[in-house]
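K.L.:
Sequence:
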Amino acid sequence: MRYALNHDLPVRFMDLAQTTSAPTSNDDGDSINMNDESDAENDAIADDETENDDIDPDLSIRHDPLGQLAAAAGYSDGERWWDQMVESRREGEGLFTAIQEAMITLRESSPAYEDKLEHLREAAMREVIRKAEKEGFERIAVVCGAWHVPALLDRKNAKVDKALLKGLAKTKVTATWMPWTYGRLTQSSGYGAGVASPGWYHHLWQASDHLSTRWLTQVATLFREQDLPASSAHVIEGVRLADSLAALRDKAMAGLEELNEAVQAVFTFGSDAPVQLIEDKLMVGERLGQIPPDTPMLPLQQDLMRLQKSLRMKPKVTEGVLELDLRKDMHLRRSHLLHRLRLLGISWGETQQVYGKKGSFHEHWHIQWQPEFAVRLIEMAVWGNTVALASSQFVKHEAVHAPSLPVLTKLLGDTLLADLPDAVKALTHELENKAAITSDVSHLMAALPPLVNVMRHGNVRRTDASQVAQVLTGLIPRICIGLPSACSSLDDAAAGNMFQQIVQTHSSLQVLADDVHGEAWSQALQSLIKRDTVHGLVAGRAARLLFDTDVFSGEESARHLGLALSRASEPADAAAWIEGFLKDSGIILLHDESLWRVLDEWLQDLNEDTFVQLVPLLRRTFSTFSAPERRQMGERVKHGTPQAGGLDEDLDEARAQAVMPVIRQLLGLTEMTP
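Read left to right, the sequence shown gives residues 1 to 674 (the numbering used here).
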């Protein structure tokens, strides 16, 4: 194409046009959309081959002809065979003639097929070639898949081709160019004609000599960028090893396989972990094509450019920081745009957690525009012509297919941040439906924190959170009612998970600060303490939460602790109760004498064997305390436990009385006399 443009020669597309939309049928009678120029059937056959190794070998020839040649030559796949026989040999003498002869032989040995789509495509190609010949062109270069070569050489039956193409329905098509990436040229991207390592072929095309040295130099540069050891000595030894392997295998030069083995042996000392890095960055590559600035753009692209201009947010490939004050209209609109793009899978910015910055109305973004976003934007154009409409429609689609309630609630939170009222309404409807049929209390509890966050930040973003409040009104009572049953007969692992969920749910309800919901939650926690089937870890945490919210006094908490540590309880259950009550905060033991005394007496009553058995469990609990807390406890144990009267025997009452006037004045009880 470049040659033709430089020499003022015509270039034409010859595949079946996108405007052709009439359906036909394949061998099984299934409908095929004719405007799919990609070889969709090849992809389907490839998927079938991965699931069924017993596919007819004769039928597979036309779907993977190079693979058949590779298998006959003893190679594991067609790509390695092609690399060795064509790319790495770097010899073009007689190449096209050899491929032509191979394809003719393969098509002759392949059984006749009735793929109507392929017949139509090849008929359209032949018609384009005939038209060029009629116009007087004698030297015609054709770029096509190798399998089609024999079919394009035989152009005798023009009437048959015209009959095949006659009467096909037409449809109007608007098209645009999109930048192509090396990642999208790979088979793994779903491209039917893709290759495994376009970055490697780019290297072969660009490098004129010293291929191994240049390649391993790129590997060393990549490793250094990732703070991995790589020196010139690594490159030298790697080149020697790769060339030696190629010589042992009777190859003209080291290929990708030899170079990868050399990297693993010399650079990574046998580890295969960094090989994935080489595959992503070098073998596939991150190169991105370019399109002219006057290329017709889709409406979604035009809308984004308009928003970027009006909001003064010029896309830059360099990293940047964006500080937003959501009280300002311009900043709020910027936030909405970034959140909407994230819903579309375009992460132009990522929010960063920042403390001490203007409260909840402040957002800190780390932004960087990636060229690949242009491709994603084109892909998402099917959902709408504006960013707001496309993100809203895409969210509605995702809501219907949300696998679980927590995923749905997170999506709802993200959607509210993006200010998409229609999508919020659809999400709320789906959320109510899924919550109504969800009997798993764990899922309901996991769904609660994102909804509470929406309620907390709704006013800051000027969004209506009333619909979310309606969902919470139905969700929280179901959690409170189902919690006791969900906490019964749990093993240690399940109890640990439930412990975390109870803590998160309690924190969310504290943020919500609703008296009705708070009372229902308090009743649910109290029911956990009364049940013998509830794991000690869960029951202990329930008691602690009730103590923290002043539902239980210190004496009441000590009573429940004493019951949990009674002789009727198994020592392991008692240790779990202690862990649930004290985990992550031991300050309560230092300030509540009754709790300290109950725990101290329980420990002193343990026999030696039981104490040794429980030490690991108790140590795990006390390891969650801060260092100062553990130090104070140690000092208190070292100097003995205070008596019931609360006064230390070493207390100097005369010195204590001397400071009482000052304390009374500080408390406002009396005036200080001179």
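Since the hints were made in silico from the structure, they are not lab data.
It cannot be assumed that every hint is accurate.
Lysine-lysine pairs mimicking DSS-like chemistry, simulated, CA-CA at most 27 Å apart [claimed, not checked]: (1) Lys396 to Lys434; (2) Lys162 to Lys131; (3) Lys251 to Lys170; (4) Lys309 to Lys281; (5) Lys159 to Lys170.
Label pairs and their computed distance ranges (CB to CB) [to be verified]: (6) Lys166 to Thr105: 30 to 40 Å; (7) Lys251 to Gln276: 18 to 28 Å; (8) Asp422 to Pro628: 23 to 33 Å; (9) Val86 to Tyr3: 19 to 29 Å.
Every residue gets a Cβ at the ideal spot worked out from N, C-alpha and C, and that includes glycine.
K.L.:
Could you tell me which of the hints above the structure violates, numbers in ascending order?
P.N.:
Failing hints, ascending: 3, 4 and 8.
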